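Whole structure, please, built from the sequences with the hints as guidance.
Number of protein chains: 2
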Amino acid sequence: MRYHNFAEVPLYKAFEFIEPGPVILLVTSEDGKPNIMTLSWSVLIDFDPIIGCVLSPGDYSYEILRKTKECVLAIPAADIIEKAVQIGNCSGEDTDKFQKFALSPLKASHVKAPLIKECLVNIECIVTDIIDKYGLFVMEGVKAWIDKDKSEKRTFHANGDGTFVIDGEIKNLKHLMTKWQQFT
Amino acid sequence: MRYHNFAEVPLYKAFEFIEPGPVILLVTSEDGKPNIMTLSWSVLIDFDPIIGCVLSPGDYSYEILRKTKECVLAIPAADIIEKAVQIGNCSGEDTDKFQKFALSPLKASHVKAPLIKECLVNIECIVTDIIDKYGLFVMEGVKAWIDKDKSEKRTFHANGDGTFVIDGEIKNLKHLMTKWQQFT
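For the protein sequence lines, the chains are C and F, in the order given.
Going by numbering that gives the first Met the number 0, 89 is the number at position 90 of the first sequence; the sequence numbering is gapless.
Going by numbering that gives the first Met the number 0, 138 is the number at position 139 of the second sequence; the sequence numbering is gapless.
There may be inaccurate statements among the hints.
Chain copies aren't distinguished; within one or between two, either way the pair holds.
[Claimed, not checked] With a straight-line Cα cutoff of 30 Å, these simulated BS3-like cross-link-like pairs (lysine-lysine) come out:
{"no.": "1", "residue 1": "K178", "residue 2": "K66"}
{"no.": "2", "residue 1": "K173", "residue 2": "K68"}
{"no.": "3", "residue 1": "K111", "residue 2": "K147"}
{"no.": "4", "residue 1": "K32", "residue 2": "K116"}
{"no.": "5", "residue 1": "K132", "residue 2": "K147"}
{"no.": "6", "residue 1": "K170", "residue 2": "K99"}
{"no.": "7", "residue 1": "K99", "residue 2": "K173"}
{"no.": "8", "residue 1": "K178", "residue 2": "K99"}
{"no.": "9", "residue 1": "K132", "residue 2": "K149"}
{"no.": "10", "residue 1": "K147", "residue 2": "K116"}
{"no.": "11", "residue 1": "K66", "residue 2": "K173"}
{"no.": "12", "residue 1": "K12", "residue 2": "K99"}
Everything labelled a hint here was simulated from the structure, so no lab data went into it.
Note that this is a predicted model, so its numbers are computed, not measured.
In structure tokens form, the structure reads like this:
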């Protein structure tokens, strides 16, 4: 492994990082040049995990993802919230975002797009389908990593108006999950 | 209006309640019988709002939503987190969930499914498309309501393991939204 703090997350558990709906950094690579976009429009489609991400043709990453059919979904914690927002406010067309935001690309196992060392979780994904009319990229997670030594574990969510909400209190309601006990 | 605390949310602002990825109560109605399911697999597909919800054929609401093509997406705040989880752990097949969980159905404006009085936000939706292979229901919000007098405004997110995270600190980063200033 390329970074000693990264531990593998079993794939059947990886959906747990997408389900809460955090802001995600979507990393692509084209001709060896990595790029990052900030994404809030994501959804679980199935366990495994199968993840849907909605991009716009106006996003610089859109055509790259269409062409390369692979990416990394990197989940930032609250320690880099400003960087994540700024990444979403410039374009890979004229910006090397890893350099500009002092982020470290790490070689992934299954895809050419790099992991982001500074993120809490990184999920390597293969695009399996594209629903063109909605810009919906269906992707399968093929490898997932967590930074097990990271002290900041709170993720954050976009409110859509330039404000963001950071994870607060965690409520354990496993005892109420009578129908879904196998997931607890 | 049926409930004096409910104020209309302009439709162009309604996406802001879906974007953070909260747990949602999806309300349907079949032959005058309302039902509720708990849903965490949702996504914004476009502003307006166009919202995608992934259901499983195993969900009792799946066929009803396919048939009636309308629903209410009700967003609970943290004051009813236990109820929301319990609603997701029983079936409308043999349970009147409004009665069992002491929730109050309110007549909606555009759809037969009722609003839930105890929720922070209610979005009336029309299903415009169904992507069968993924159980993805594409719906358009046609009317949205907020309980303007509700003191508990924190929503919550499913971690997928029987724990839930309640909204914490709100971070205002509007000054960094240089590219998306029109949304701030």
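Hint-by-hint comparison with the structure:
no.	hint	result
1	K178 <-> K66	between (41 Å within a copy, 25 Å between copies)
2	K173 <-> K68	neither (37 Å within a copy, 33 Å between copies)
3	K111 <-> K147	within (23 Å within a copy, 48 Å between copies)
4	K32 <-> K116	within (17 Å within a copy, 51 Å between copies)
5	K132 <-> K147	neither (39 Å within a copy, 36 Å between copies)
6	K170 <-> K99	between (37 Å within a copy, 23 Å between copies)
7	K99 <-> K173	between (43 Å within a copy, 20 Å between copies)
8	K178 <-> K99	between (47 Å within a copy, 17 Å between copies)
9	K132 <-> K149	neither (39 Å within a copy, 38 Å between copies)
10	K147 <-> K116	within (12 Å within a copy, 42 Å between copies)
11	K66 <-> K173	neither (42 Å within a copy, 33 Å between copies)
12	K12 <-> K99	neither (33 Å within a copy, 32 Å between copies)
Going through the hint list in order, the structure does not satisfy hints 2, 5, 9, 11 and 12.
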